[in-house]
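With the hints as extra help, turn the sequences into a complete structure.
Listed below are the residues making up each chain.
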Amino acid sequence: MTFRIDSPARLAEAHASCQAAFARQKSRFLVCAGTGCVAMGAMRVLSEFKRLIAERGLQVDVDLLFEGQEAEVGVAYSGCHGLCEKGPLVRYEPQGVFYTGIKVEDVPEILAASLDHGTVVDRLLYKNVDGSRSLTEHEIPFYSGQQRIVLRRCGLIAPEDIREFVAFDGYQSLGRVLQEYTPMQVIDTVQTSGLRGRGGGGFPTWKKWQYCRSAEGSEKYIVCNCDEGDPGAFMDCSVLEGDPHAVLEGMAIAAYAIGARRGYMYVRAEYPLALSRLHKALHLARQWGLLGENIMGSGFSFDVEIFQGAGAFVCGEETALLASLEGGRGWPRERPPYPAEQGLWGKPTVLNNVKTFAMVPAIIMRGADWFASTGTVNSPGTAVFSLTGKIKNCGLIEVPMGITLREIVYDIGGGIPDNKRFKAVQTGGPSGGCLPEELLDLSVDFDSLRSAGAMMGSGGMVVLDENSCMVDIARYFLEFTVHESCGQCVPCRGGTYQMHHILTAITKGEGLPGDLALLEEMAKAIIAGSICGLGKTAPNPVLTTLRYFRHEYESHIHDKACLALHCKELIAFWIDPELCKACGLCMKACPADAIRGAKSEPCVIIQDQCAKCGLCIALCPPKFKAISKKTGVLKPKTPWTSSRAT
Amino acid sequence: MSTSPETVKADLLEVFSKFKGQREELIPILQAVQERFGFLPESAMSALARFTSVAESRVYGAATFYTQFYFARRGKHTIKVCCGTACHVRGAAPLLEAFERELGIERGGTSNDFEYSLERVACVGSCALAPVVVVDEKVYAHMKAKQVKDCLADYKGKSRSNQ
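First to last, the sequence lines map onto chains A and B. FYI, in our numbering the residues of the first sequence are 1 to 646. FYI, in our numbering the residues of the second sequence are 1001 to 1163.
Treat the hints loosely; a few may be bogus.
As the list claims (entries may be wrong) - Only some residues are given here: those of chain A computed to face chain B with a beta carbon under 8 Å:
#1 GLY330
#2 GLY389
#3 CYS394
Simulated from the structure, these hints should not be mistaken for laboratory data. Built from N, CA and C at the ideal position, the CB exists for glycine as well.
Rendered as structure tokens:
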């Protein structure tokens, strides 16, 4: 069933028809097919659902719904539900029963309970800390603190099926804009909403649009930045996978506002699933007449092209992205002129992040005042984070701005696993910083995070526990920037290299007393001497860790100790002779052949040979727990001596 | 796959036929060439320069700038060890070392029998499953160093299509 939408009336017709069709489906299984769940086998679960439902002779064809037939049950896959930690996830509608950790073997039981007995499979529901089970998402603490605007349809619709998107009010905002708004009214609405760019910078979206609209020239472009390069972040990926049409709709509205006819989506090459869903969505949007010439008979024409990136983090910077789109190296250039004045091929261009575009239709739909009333006064709306690292509930979250880090880490994230102690939360990826326990009550918004030395960034939030070494984290991010610096500005190219060199030396126990002052001096020079955001923010991970975790640097340098027991050169593995039961598991597996022992004689690690791979700790049976790590003065130095060795 | 100059030439013409030869197509063409050969053969670079009317140095400039492109034959199976932040804090580094040790090659390298290429990648977007290893298209979640041997055993001697 396809519609050719050539007028607002046709859109209303399609909307009603799609809604009516899906209402004929009495129940439905939605299998989460985000990257995480797919990796855990969601597609096999989906085919098992399809196979068993077909075996029952039930019709699940959505096309037949449009012909007026009723269906007992439907099955589809959706975008990310958020709680990736517990995947694959399955949602049973209309009740919204939320099943976690579903394997192929569980499918018959779920089907029997849902379709034959009208019950639920208790053991597959989300298990709370107190042992009780939650029936729906709303009862799970992970979801109750969240507010979904960007992710409003993620997990609720089949992302590639434009009919569902339309049934869920998709393209209604575009229709309304084309019919009722002048381009200036669109910009005014976005201004009233207070929307700020979700790529991390937080620049007021309306201003960018306004500059571009008033820039000279008739040819203008819209570019969607989907080059989500931050390691440890997958928000944009999830939005593209879960609700690609929302982004296209937002881009079309922006294009109308600034007077553009062409748009580009620059998508990271590492996201094959997002790319394929986006291509399909684009094809359908064109087929339905929602992109292309004379959209809905309004005289406004707009089309989008998808460009696949080739793997360069710096291309997330706007001028580098444009250079890459033009076919060259992704080299940033100095601003001004800003892309809003001179962007793609020298023409005025608006570049926004995926989430910014996805928010626009919601603002049009529900009103600028509604949007402005959520979040904080200066940072209205919500923020999408990928919450990862040492946290119980890893996943994709959307929270109102102004929430505290504590609420995110403990209420939504469920705290730190394995009874470990919280150490820091890292936001903003390689441009951001690490915030310590004292700042857990900090409000999460553009300005507070920046004043604490971190930044909002695109939305990566990595939680670190007592076993994360902060010097190593700083070294890790610098290693990343050294690799990703484009090389144009000497302070960035050479400076990050030197900083990384010093940090590596510190983690190896070769740090010198003057190193910290030197690091700070170099950080200042890099910030002052780089033209783009990559260089200007590259020292942030070092500066924030120096600010909040200086004692860790000092213990590395002065005591040659890594208190987090992480840095290889500063730790040693040690077998407690009292606890070792001489089972020999570690000895047999040691790849460096560094463990000696004999029958009924405790194993001993020859320190000089130990590669510190940690395999022995992993293999030592938990009931013995004989192997541990030591650092500083406790580090064992004695070589292997045994009565039997000689 | 044969990469003699003649077959490369014929294959290149086929790849080029899908493009107009405009400058902004440079990266998509490089991607298409790599898709075809598994890497960028030397002879393709000059042909590409002529086709897009871009100086060969600039073609190389772009191709070497992006991490996606390779200039040498790759292994049958590509092992990508994710070293994104989430994977890093959950122990990606020892995992990568375990693969290096097991395969006897360094990150970025290809084994002598062209069975495996080992890569360190920045983030595959499956952070909840950290640490993550992707072999060809298969994702290994919550990977541990002690599972490296078993993981490799899944692929030994098998062609990609069998997976």
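Here is how each hint holds up against the structure:
Hint status for GLY330/A: holds, given a least beta-carbon distance of 6 Å to chain B, under 8 Å. Hint on GLY389/A holds. Least Cβ distance to chain B is approximately 5 Å, under the 8 Å limit. With its C-beta approaching chain B no nearer than about 4 Å, CYS394/A sits inside the 8 Å limit, and its interface hint holds.
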